[in-house]
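Just need the whole structure built from these sequences, with the hints factored in.
Okay, here's what each chain looks like letter by letter:
Number of protein chains: 2
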Amino acid sequence: MSQSFYLNAIGTVRKTDEKAWIEIFNKYGDALLGLDGFSHIYVFYWFDQNDSPEKRKTLQVHPRKEPGNPLTGVFATHSPRRPNLIALTLCKIESIVGNIIHIEEIDAYDGSPVIDIKCYIPSADPDAGVRVPDWV
Amino acid sequence: MSQSFYLNAIGTVRKTDEKAWIEIFNKYGDALLGLDGFSHIYVFYWFDQNDSPEKRKTLQVHPRKEPGNPLTGVFATHSPRRPNLIALTLCKIESIVGNIIHIEEIDAYDGSPVIDIKCYIPSADPDAGVRVPDWV
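First to last, the protein sequences are chains A and B. Under my numbering, the residues of the first sequence are numbered 1 to 136, in order. Under my numbering, the residues of the second sequence are numbered 1 to 136, in order.
Everything labelled a hint here was simulated from the structure, so no lab data went into it. Among the hints, erroneous ones may be present.
Because identical chains cannot be distinguished in the list, a pair is counted as satisfied if it fits within a single copy or across any two copies.
[Unchecked claim] Below, in silico cross-link-like pairs of lysine-lysine (PhoX-like), each with a Cα-Cα straight-line distance of 25 Å or less:
| id | residue 1 | residue 2 |
| --- | --- | --- |
| 1 | Lys57 | Lys27 |
| 2 | Lys27 | Lys55 |
| 3 | Lys92 | Lys15 |
| 4 | Lys15 | Lys65 |
| 5 | Lys27 | Lys65 |
| 6 | Lys92 | Lys27 |
| 7 | Lys15 | Lys27 |
Here it is, written out as structure tokens:
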């Protein structure tokens, strides 16, 4: 079984040395209604710099590009090399003006295509019993 | 500017009344190396039941299908109707056997296409100052 799906960029990451913001394309502006009630958002963007068939075949990496970290499957990391180039990062909203979401900072390159925004609801996170490996 | 990207399913959500698991396709099995060091994963799946051009045009909803909740942009919700049908959910791992990730539970339909798995690292979450609107 092999299923494929398509994504359209819904906006773009913008950043300078001092500021960061998300530009949502006009056609998706109505999808921002009420977002100002939240302090934080999940930003989903596309690791477009790795969008080649070769890089998308990467299944194992040394996390954080540290050779001392054990070889690890990409599904056990947040590596930007992975079969589907989905990036997930949590951002703090500073303000929303029109279709622009000003954010405190973001670990993405300027120009990265944004593919989704979701509100951050903390109660969805586990409060106890979280376990991670040593390299983290 | 209009950019499109493609995703390939990397596995499938499976669930019965009593159990839930993720089947990762064989070709991606190597990407699971080291995942057993984590207690929780983010599962990204595709809201395939809403994969029509019409439903993907939905930009505003009443959250949780409650008419009493204010009309809200889909980017301020986790609605399954949105331009790109990415679902994000956090799951607790029970065990990993071969390419099967047994999980405690998942808010997805049996058969949903899985598009990514990422490890859960709690330090990435804000510890204070989170704000949400009343409908949450």
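Do the hints match the structure? See the list:
no.: 1; hint: Lys57 / Lys27; verdict: between (33 Å within a copy, 10 Å between copies)
no.: 2; hint: Lys27 / Lys55; verdict: between (31 Å within a copy, 15 Å between copies)
no.: 3; hint: Lys92 / Lys15; verdict: within (14 Å within a copy, 35 Å between copies)
no.: 4; hint: Lys15 / Lys65; verdict: within (24 Å within a copy, 36 Å between copies)
no.: 5; hint: Lys27 / Lys65; verdict: between (38 Å within a copy, 23 Å between copies)
no.: 6; hint: Lys92 / Lys27; verdict: within (24 Å within a copy, 37 Å between copies)
no.: 7; hint: Lys15 / Lys27; verdict: within (22 Å within a copy, 37 Å between copies)
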